[in-house]
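Residue numbers (this note's numbering), protein chains in the order written: chain W, 1 to 550; chain F, 1 to 40; chain U, 1 to 155.
The set of hints was computed from the structure by calculation and includes no laboratory data.
The structure presented is a predicted model; accordingly, all values stated were derived computationally and were not measured.
It is possible that part of the hints are untrue.
[Said to hold, decoys possible] No farther apart than 25 Å at their CA atoms in a straight line, the calculated lysine-lysine pairs in the BS3-like style are these: (1) W:K242 with U:K5; (2) W:K77 with W:K242; (3) W:K509 with W:K156; (4) W:K399 with W:K490; (5) U:K5 with W:K504; (6) W:K509 with U:K8; (7) W:K77 with W:K396; (8) W:K237 with W:K311; (9) W:K490 with W:K237; (10) W:K396 with W:K487; (11) W:K548 with U:K47; (12) W:K310 with U:K5; (13) W:K311 with U:K5; (14) W:K326 with W:K399; (15) W:K322 with W:K399; (16) W:K77 with W:K8; (17) W:K504 with U:K8; (18) U:K8 with W:K242; (19) W:K322 with W:K237; (20) U:K5 with W:K509; (21) W:K399 with W:K487; (22) W:K504 with W:K237; (23) W:K310 with U:K8; (24) W:K310 with W:K504; (25) W:K326 with W:K310.
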Amino acid sequence: MIALQDRKLALWYIGVAYIAFLIGTLMGLLQVFIRNDKLQLPAWLDYYQILTAHGVLLALIYTTFFIFAFFVTGMSKSIGTFGPKVRLVSWIGFWVTLLGTVLATAMIVAGEASVLYTFYAPLMASGWYYVGLALFVVGTWISSFALIGHYRVWRKNNKGELSPLFAFMTITTIILWLIACLGVVATVLFQYIPWAFGWTDTINVELSRSLFWFFGHPLVYFWLLPAYIAWYVIVPKILGVKVFSDSLARLAFVLFILFSIPVGFHHQLTEPGISNFWKFLQVVLTFMVIIPSLMTAFTMFANFEISGRKKGATGLFGWFKKLPWKDVRFTSIFIAMAFFIPGGAGGIINASFQLNEVVHNTLWIVGHFHITVGTPVAMTFMGLTFWLIPYLTGRKFTKSMQILAFVQIITWSIGMLLMSTAQHILGLLGAPRRTAFSNYNNHPSAMEWFDGILTSHVTMAVGGSILFLSAMILIYIVAMSMFLSPKALKVEDQVEFPMAESDKTHTPKWLENWWIWIGIAFALIIIAYAIPLSSMIMHAPPGSEGFKTW
Amino acid sequence: MSKNNEHDGLDLRGTLASVMVVGVIIVVMWVVVYMMYLGR
Amino acid sequence: MHLHKFEKVWLIFGIISLIVFLSIVGVTAFSHDHHPSGGMDTIDPEKVDQTAPFDNPGVTQIDDDTYQVAIVAMAFGYTAPELRVPAGKEIIFKVTSKDVVHSFTIDDTKVNMMVVPGQITTRAYTFEKPGKYLILCNEYCGTGHHFMFTEIEVY
Ligand code: HEM
Ligand SMILES: [Cu+2]
Ligand SMILES: [Cu+2]
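Bound conformation, chain W alone (with noise of 0.2 Å):
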């Protein structure tokens, strides 16, 4: 077991995680009776607002919160305890965190700031929320540079040495993190705080969104690359095999930091102020870093396979019966892996320069991220958390709430099934994203999204509901295994933290050489973004003032 102190650090972050998933996914039930015409909500409280709030708390800070848990107890186990110094800092890191969620959330909650999670200029909330935002992402600068400097001390005392794969992919995704935020950092600091606490008159709409995009689109990369850690290193350990390609897997994760910053047009392809040359770059780029995912997906399947023709498994899909199935560390993310395959399907064609205009800003996109984020992430967090916490907490994770753990990945399973097919077809059916219930004045095409069987708003309620379910019982599981549940006072009794071992002897060391990486991303950066952010900004229109238009 790791140190008591670094255990409380990571119970403190998924402790605030789950209170975020807890909020975040109430919100989401309303939404979907709401969007279906079931409820209405009283005049003090409005559907922007609480979809404000279920995208901040569930995209921004249930992810986050968790991502650091999982990355605090990894860096810990894997390169050892933290020293004084890097807990002090990681300890101010999560306070500055939860002080900015805490200000963005009351800004939410009083109405001041209903512009969405991505807060679009120039809608404009108070400034307090710009603040509130731009505090978050100081406090995860902090806590990411105190795992830096934990794993700088694990260099020093190991010189020449490849780090645990654990670290490697933490530091990878760190890297990431770092460089994306420098976009929304830029826009939040130099654009809407200035300009929504009345310093200035204006701004420069499109460049803020770029600027958003910069960081909006590697965001998902630092929510997938913590799943992908667990896909590496937790899942072979569970199916007793040894991690499939040490260097293979520190390939494909240095490819993400990349690949995944300079891609943000294709989340603004049917947009003016961005050439159809530079578009279509970033579209070549997005492409790329497809790549690293295939690889992704080859040496999952080549896990299952190894372990199941290790226990003697024959033919050609004999390997499927022996995996364990039983184990819901195991099924959890395997279902989440399961989610990936259309998600990530969908991604491509999202990204496709023109097939974007099919589904830009319908319900598809909200179909998208639920089966890519909100299940392959969230579903393998739900994973993690099952053992997690008991093993932070020193508890059992008793029979019956591994029973429970079934029962709440299989509803989450259906009712995602449920809510994100109905929405992906209503996209394609014209059904528009980020919308109350509206039919349009009668008009027969908008009609039609309501009285499908499948195609329809209340199959994607029916799933909603089922989904809420599946989050109370997930909450249960993890107020018992924080408090509740028996303390694990035998050795047998006790969880581990699986953590597969990686043969590195193959691995060339010019992987682990950041510099090398941080270089080209920063080439490519600027390849993609030099000109035309410098042409919205030479050739900007008059700016804008700032709209409260809620």
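Chains F and U with the ligands: place on chain W using the hints.
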């Protein structure tokens, strides 16, 4: 980097078949939406 | 860093698929003008009403086969009197916003345009079937966002 292959002798036919299924899903979904694009 | 033979097969298959996708969209976009909506023209968002073509929003015929439709988006509606256009002719939509970001999205067509204040979004489209098409805003723009819609009649 060394010549000896960590993976020689592994039977990964099932893996190949599985990723190919993934590949087919990707291609089919893409073609369907491309057709919808053309049809509009 | 040795790849298993099957992994090579898979990656080659994957990469070729990606190249094919990219070529299809790239070639049709740049040689057949299948670009998504966009445009580099700018405008003063506070002087939209005084700036052509938005000083006279609506349909104008440019020549025998081309029509232009100028539209001003604002919370929560479109300034676009009587949108009637013929089928089979090229319609060039030009849209801008007087306040926040909106969209101009015509149901069941390829017209799905982001509307950004300070910029003019352009998209050419030829309707094939006559009928009444729903136009809606699919970018969040405020409390009344879901009431922001209109209709275009194709004859
Ligand atoms: C109880 C489970 C959930 C339900 C019922 C649910 C439902 C919904 C619905 C209906 C929307 C679309 C609303 C609209 O566009 O009008 C939405 C948006 C969204 N959801 Fe969920 N969701 C759930 C869980 C999650 C999870 C676990 C995540 C991520 C970790 C997530 C992330 C998001 C994001 C980022 C948005 C977009 C917000 C925006 O457009 O600004 N959701 N959700
Ligand atoms: Cu993206
Ligand atoms: Cu709107």
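Against the structure, the hints:
Proximity of K242 (chain W) to K5 (chain U) is assessed by CA-CA distance (about 19 Å); at most 25 Å being required, the pair is judged to hold. The hinted pair formed by K77 (chain W) and K242 (chain W) meets the criterion: a straight-line CA distance of about 18 Å does not exceed 25 Å. For the suggested pair K509 (chain W) and K156 (chain W), the alpha carbons sit about 15 Å apart, so the restraint of at most 25 Å is met. Taken as a hint, the K399 (chain W) and K490 (chain W) pair is honoured in the structure, with Cα atoms around 16 Å apart against an allowance of 25 Å.
In summary, the hint linking K5 (chain U) to K504 (chain W) is supported, as the alpha carbons are separated by about 21 Å, within the 25 Å threshold. The suggested pairing of K509 (chain W) with K8 (chain U) holds, with an alpha-carbon distance near 23 Å, which does not exceed 25 Å. With a CA separation close to 19 Å, the supplied pair K77 (chain W) and K396 (chain W) stays within the 25 Å bound. At most 25 Å may separate the alpha-carbon atoms for a hinted pair to count; K237 (chain W) and K311 (chain W) meet this at roughly 14 Å.
For the hint pairing K490 (chain W) with K237 (chain W), the CA-to-CA distance comes to about 22 Å; that is within 25 Å, so the pair holds. Taking the CA atoms of K396 (chain W) and K487 (chain W), the gap is about 6 Å. The hint holds against a cut of 25 Å. About 20 Å separates the Cα atoms of K548 (chain W) and K47 (chain U), which keeps this hinted pair within 25 Å; it holds. For a cut-off of 25 Å, the pair hint linking K310 (chain W) to K5 (chain U) stands: about 20 Å separates their Cα positions.
Taking the CA atoms of K311 (chain W) and K5 (chain U), the gap is near 23 Å; set against the 25 Å cutoff, the hint holds. About 12 Å separates the Cα atoms of K326 (chain W) and K399 (chain W), which keeps this hinted pair within 25 Å; it holds. Using a Cα cut-off of 25 Å, the hinted pair K322 (chain W) and K399 (chain W) holds, with the two alpha carbons roughly 22 Å apart. At roughly 14 Å between alpha-carbon atoms, K77 (chain W) and K8 (chain W) fall within 25 Å of each other, so this suggested pair holds.
Proximity of K504 (chain W) to K8 (chain U) is assessed by CA-CA distance (about 21 Å); at most 25 Å being required, the pair is judged to hold. A C-alpha spacing of about 21 Å is found between K8 (chain U) and K242 (chain W), which places the hinted pair at or below 25 Å, so the restraint holds. For the given pair, K322 (chain W) sits about 15 Å from K237 (chain W) by alpha-carbon distance, which is consistent with the 25 Å threshold. Under the criterion of a C-alpha separation no larger than 25 Å, the hint pairing K5 (chain U) with K509 (chain W) is consistent with the structure, at around 24 Å.
The suggested pairing of K399 (chain W) with K487 (chain W) holds, with an alpha-carbon distance near 14 Å, which does not exceed 25 Å. At most 25 Å may separate the alpha-carbon atoms for a hinted pair to count; K504 (chain W) and K237 (chain W) meet this at roughly 16 Å. Taking the CA atoms of K310 (chain W) and K8 (chain U), the gap is about 23 Å. The hint holds against a cut of 25 Å. With a C-alpha separation of about 22 Å, the suggested pairing of K310 (chain W) with K504 (chain W) holds against the 25 Å cut-off.
Proposed proximity of K326 (chain W) and K310 (chain W) is supported: the alpha carbons are some 18 Å apart, at most 25 Å.
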